[in-house]
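*Asks:* Read off the chains here:
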Amino acid sequence: MKRQIPLLIVITLGLLFMAHAFIPHKISQDFYNQWYREWVKAVSPFAALLGIYSLINVHVRKIKRKAHNWQYSIATLLGIIVTAVAGFGWGSESGSPSSWIYENIMMPLCATIFALLAFYIASAAYKAFRARSIEATVLLAAAIIVMLGRVALGAAITHWIPDATKWILTVPNLAAKRGIALGVGLGMTATSLKIILGIERTYLGGGD
Amino acid sequence: MSWFEKLQNLDRRYIYIVVALCIIIPFTFTFHTNTYTTEPVENIYQLIDSYAGREDRAILLSIEHDPSTSPELQPMEIAIVRHCFERGVKVFFLTFRITASPIIDYVINTTKEEFADIQSGVDYVNFGYKPAALYLPIILGMGDDIAEAVETDSEGRKLNNLEIMKGIKNYNEMNLVVEFSGSSYGFGWITYARSRFGANVAAGITAVMAADTYPYIQSGQLVGVLGGLKGAAEYEKLVDLFAVNQLEFSKEQEKQTFPRINNDDILYKFKTARIGMNAQNVAHVMIIVFILIGNIGYFLERRRKNKQGEGS
Amino acid sequence: MIETIGIWVAAFLTLSIFSFLYKDNPFYKFAEHLYIGVSMGYGIPLMYKLSFIPFVYKPIFKMHEFILIIPALMGIMFWFRFSRKWGWMARYPMVFFMGIAGMGVPLSMHASVLVQMRSAMLPWENFNIFLIFLGTITILMYFYFSKAHTGLYGKFTKIGIWYMMIGFGASFGYTVMARISLLIGRIQFLMYDWLGFGH
Numbered sequence: 001m002k003r004q005i006p007l008l009i010v011i012t013l014g015l016l017f018m019a020h021a022f023i024p025h026k027i028s029q030d031f032y033n034q035w036y037r038e039w040v041k042a043v044s045p046f047a048a049l050l051g052i053y054s055l056i057n058v059h060v061r062k063i064k065r066k067a068h069n070w071q072y073s074i075a076t077l078l079g080i081i082v083t084a085v086a087g088f089g090w091g092s093e094s095g096s097p098s099s100w101i102y103e104n105i106m107m108p109l110c111a112t113i114f115a116l117l118a119f120y121i122a123s124a125a126y127k128a129f130r131a132r133s134i135e136a137t138v139l140l141a142a143a144i145i146v147m148l149g150r151v152a153l154g155a156a157i158t159h160w161i162p163d164a165t166k167w168i169l170t171v172p173n174l175a176a177k178r179g180i181a182l183g184v185g186l187g188m189t190a191t192s193l194k195i196i197l198g199i200e201r202t203y204l205g206g207g208d
Numbered sequence: 001m002s003w004f005e006k007l008q009n010l011d012r013r014y015i016y017i018v019v020a021l022c023i024i025i026p027f028t029f030t031f032h033t034n035t036y037t038t039e040p041v042e043n044i045y046q047l048i049d050s051y052a053g054r055e056d057r058a059i060l061l062s063i064e065h066d067p068s069t070s071p072e073l074q075p076m077e078i079a080i081v082r083h084c085f086e087r088g089v090k091v092f093f094l095t096f097r098i099t100a101s102p103i104i105d106y107v108i109n110t111t112k113e114e115f116a117d118i119q120s121g122v123d124y125v126n127f128g129y130k131p132a133a134l135y136l137p138i139i140l141g142m143g144d145d146i147a148e149a150v151e152t153d154s155e156g157r158k159l160n161n162l163e164i165m166k167g168i169k170n171y172n173e174m175n176l177v178v179e180f181s182g183s184s185y186g187f188g189w190i191t192y193a194r195s196r197f198g199a200n201v202a203a204g205i206t207a208v209m210a211a212d213t214y215p216y217i218q219s220g221q222l223v224g225v226l227g228g229l230k231g232a233a234e235y236e237k238l239v240d241l242f243a244v245n246q247l248e249f250s251k252e253q254e255k256q257t258f259p260r261i262n263n264d265d266i267l268y269k270f271k272t273a274r275i276g277m278n279a280q281n282v283a284h285v286m287i288i289v290f291i292l293i294g295n296i297g298y299f300l301e302r303r304r305k306n307k308q309g310e311g312s
Numbered sequence: 001m002i003e004t005i006g007i008w009v010a011a012f013l014t015l016s017i018f019s020f021l022y023k024d025n026p027f028y029k030f031a032e033h034l035y036i037g038v039s040m041g042y043g044i045p046l047m048y049k050l051s052f053i054p055f056v057y058k059p060i061f062k063m064h065e066f067i068l069i070i071p072a073l074m075g076i077m078f079w080f081r082f083s084r085k086w087g088w089m090a091r092y093p094m095v096f097f098m099g100i101a102g103m104g105v106p107l108s109m110h111a112s113v114l115v116q117m118r119s120a121m122l123p124w125e126n127f128n129i130f131l132i133f134l135g136t137i138t139i140l141m142y143f144y145f146s147k148a149h150t151g152l153y154g155k156f157t158k159i160g161i162w163y164m165m166i167g168f169g170a171s172f173g174y175t176v177m178a179r180i181s182l183l184i185g186r187i188q189f190l191m192y193d194w195l196g197f198g199h
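Chains as they are written, first to last, in my numbering: chain G, 1 to 208; chain V, 1 to 312; chain U, 1 to 199.
Hints are not guaranteed to be accurate.
Under the rule of at most 16 Å between Cα atoms (straight-line distance), these lysine to aspartate or glutamate pairs were calculated in the EDC-like manner [claimed, not checked]: (1) V/K112 <-> V/E86; (2) V/K169 <-> V/E55; (3) U/K58 <-> G/E38; (4) G/K26 <-> V/D145; (5) V/K166 <-> V/E151; (6) U/K58 <-> V/E151; (7) G/K166 <-> V/E39; (8) V/K269 <-> U/D193; (9) U/K49 <-> V/E155; (10) V/K169 <-> V/E151; (11) G/K127 <-> V/D11; (12) V/K112 <-> V/D145; (13) U/K23 <-> V/D11; (14) V/K269 <-> V/E113; (15) U/K49 <-> G/E135; (16) G/K166 <-> V/D144; (17) V/K255 <-> V/E39; (18) V/K255 <-> G/D163; (19) G/K127 <-> V/E301; (20) V/K169 <-> V/D56; (21) V/K251 <-> V/E39; (22) V/K166 <-> V/E148; (23) U/K158 <-> G/E135; (24) V/K158 <-> V/E148; (25) G/K127 <-> V/E151; (26) G/K26 <-> V/D144; (27) V/K6 <-> V/E301; (28) U/K155 <-> G/E135; (29) V/K251 <-> V/D56; (30) V/K269 <-> V/E114; (31) V/K166 <-> V/E55.
If you're looking for bench data, these hints aren't it; they were derived computationally from the structure.
Whenever a hint applies, use it, and build me the whole structure from the sequences.
*Replies:* Here you go:
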């Protein structure tokens, strides 16, 4: 029963919403707008606490056990506490301490972590991208044309480069991405169907 | 060990230094590169421009990224907002991502500084952050009534009471949604707002995603796409050429004119992407050279091994 | 003053992350852990102010919509996820969210399959449209693994591979552009905002 009732709810709601997509009748509209929407809003804030609890728990346990590199967990916990207190105390509007933390701590950290990828992709280009087969050569040639064609230099060399780039993107690339997208689209639809028919149940977690 | 083999086994940190220099040097010696514009960007520009001065038209900017992708996406957002402010197009902002909320404030404030008459609630309105759980309810709800689905703006004002909402009811009027994202290309909007209500959808995306969008551009599900820094640079150029001068878009004029980016008339914040594209030129050449050197070394080594194989 | 301190803090943290390029070190580790904490801490008050207050507290306690106590209790049931004994209770709020998948079936089928198929089957008014059609079909054939990729069928799947290689090449070219752009953003910050070049 611990699994069956939730599955029954998913199947019922899933089929109702599937019908709603086809038949936008007033009853179904009201069911969605006035009931489901309001209830989802009321459930949602509690879900966010799961992630917060989980993160705090991991780091508190790490500190308690004096696990490897536990000292850095203090930075994480202090980061959570100080930023949250700043937000609760003074709000998050422009000019507030929370906004200062966002602009000068969170933003540079977040952006720089991703900026590291530029170095790695350059290193990979140098050490790993080899024309080992004809297919790999085609890939590299397409990449080089697109790289040149997307910057002004390509157009300055010859108008053929931006033209070739356009052709690559709008013909073979388009077909390739469409073939893949069709597969993904069918997969998404199948997964949604599996959920509402109770075949896909991993989201229910383990246990009875 | 041959010269090329040594080069092949070069410590990665030397490569990193070259990468850093290739970006830093173009910033110390600013030069000019003329970004040419492409159809996917022009289409978005022209559609937004067609709403100029109309009370019954508005666009929605759905900003769904965090600071990690801001260098690519923020210049696009600023360029589009500047276009709207220049041409009197009503613009709404929305996010389902908590960390994007300050990005919206930054984009609005940065652009607004140059427009004394622009007012919140009259020329633009920020719907603010809405929890992800409301993603579908809001996208679908806006198909019936925007004010009812969104309820309040970021300042807690009821949308129905705002002057900007006069003449704007649903996607029939707010007929363009541009999603800025590092991980999607407006797919939620394509699936729900376009399929169900026929809303026009466009995407401002990181270059990583750009190649994946072409099937959706061809099918008409996306009106256009701003792809990475290049897309942002293109839009900046179009705004400088046409919107600022209150002119209609003309491809001929775009091809012939070249707004120079060392011109102090154009503020730095309105040409960030174009300045960045200078460094992008150098960096792309660097990557191509890396690939070529790597491959030459690979072929030389393979030839040497083949010769050794024949000899033994 | 506070702005200057902010720029220096941001520059220090930026360089701390970049120091990882040399090798892993305490500055990088500190910055990385701080980032996780600050990101989480930033969201908590916003979630409370923009989600809990307007959707739970105000409707129940101010507007007396007591029926919303039921979804609020359902939300609390999420927390049982951490209990082995009561973990099953967390399934109820979960399935409440999952039900919306039903709406996705017809709409995602329409958006990502039907419209795409229709666009692949345009009349062959020019050679490029034929090439797009050929590419789409051969890639779909490649992904059909219930038939061995041999003989004539194998030749078609080979064409599909070539298309995909060009597609991946285009994606790679664009990915380089994206990664470099992110670095450009940070260098612009360090040079213009921190070191004051160009001002």
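*Asks:* Does each hint hold? Answer for all of them.
*Replies:* Cross-check of the supplied hints:
Simply put, V/K112 and V/E86 have alpha-carbon atoms about 10 Å apart, close enough for the 16 Å limit, and the pair holds. In summary, the hint linking V/K169 to V/E55 is supported, as the alpha carbons are separated by about 11 Å, within the 16 Å threshold. Between U/K58 and G/E38 the alpha-carbon distance is near 13 Å, which keeps this suggested pair within the 16 Å criterion. Between G/K26 and V/D145 the alpha-carbon distance is near 15 Å, which keeps this suggested pair within the 16 Å criterion.
A hinted pair counts as satisfied when its Cα atoms are at most 16 Å apart, and V/K166 with V/E151 qualifies at roughly 15 Å. The straight-line distance between the Cα atoms of U/K58 and V/E151 is roughly 14 Å, inside the 16 Å bound, and the hint therefore holds. For a cut-off of 16 Å, the pair hint linking G/K166 to V/E39 stands: about 10 Å separates their Cα positions. Proposed proximity of V/K269 and U/D193 is supported: the alpha carbons are some 12 Å apart, at most 16 Å.
Proposed proximity of U/K49 and V/E155 is supported: the alpha carbons are some 12 Å apart, at most 16 Å. Simply put, V/K169 and V/E151 have alpha-carbon atoms about 13 Å apart, close enough for the 16 Å limit, and the pair holds. Of the supplied pair hints, the one linking G/K127 and V/D11 holds, its CA atoms being roughly 10 Å apart against a limit of 16 Å. Pair hint V/K112 plus V/D145 does not hold up; C-alpha atoms about 28 Å apart against a cutoff of 16 Å.
A threshold of 16 Å between alpha carbons decides the hint, and for U/K23 with V/D11 the separation of about 12 Å falls inside it, so the pair holds. This hinted pair checks out: V/K269 and V/E113 have alpha carbons roughly 11 Å apart, not beyond 16 Å. Only pairs whose Cα atoms come within 16 Å are accepted, and U/K49 paired with G/E135 is rejected, the gap being roughly 54 Å. Of the pairs offered as hints, the one joining G/K166 and V/D144 is violated, with about 39 Å between alpha carbons and a cut-off of 16 Å exceeded.
With a C-alpha separation of about 13 Å, the suggested pair V/K255 and V/E39 falls inside the 16 Å cut-off, and the hint holds. Between the alpha carbons of V/K255 and G/D163 the distance comes to roughly 15 Å, so the proposed pair stays at or under 16 Å and holds. A distance of roughly 13 Å separates the Cα atoms of G/K127 and V/E301; the hinted pair therefore holds under the 16 Å criterion. At roughly 9 Å between alpha-carbon atoms, V/K169 and V/D56 fall within 16 Å of each other, so this suggested pair holds.
Annotation: proposed proximity of V/K251 to V/E39 holds, straight-line Cα distance about 10 Å (limit 16 Å). Taking the CA atoms of V/K166 and V/E148, the gap is about 14 Å. The hint holds against a cut of 16 Å. The hinted pair formed by U/K158 and G/E135 meets the criterion: a straight-line CA distance of about 10 Å does not exceed 16 Å. This hinted pair checks out: V/K158 and V/E148 have alpha carbons roughly 9 Å apart, not beyond 16 Å.
For the given pair, G/K127 sits about 54 Å from V/E151 by alpha-carbon distance, which is inconsistent with the 16 Å threshold. Distance hint between G/K26 and V/D144 is fulfilled; the C-alpha atoms sit about 12 Å from each other, no more than 16 Å. Only pairs whose Cα atoms come within 16 Å are accepted, and V/K6 paired with V/E301 is accepted, the gap being roughly 11 Å. For a cut-off of 16 Å, the pair hint linking U/K155 to G/E135 stands: about 14 Å separates their Cα positions.
Distance hint between V/K251 and V/D56 is unfulfilled; the C-alpha atoms sit about 27 Å from each other, more than 16 Å. Of the supplied pair hints, the one linking V/K269 and V/E114 holds, its CA atoms being roughly 11 Å apart against a limit of 16 Å. Among the hinted pairs, V/K166 with V/E55 is consistent with the structure: their alpha-carbon atoms are about 7 Å apart, no more than 16 Å.
Violated hints, listed in ascending order, are 12, 15, 16, 25 and 29; each of the other numbered hints is respected by the structure.
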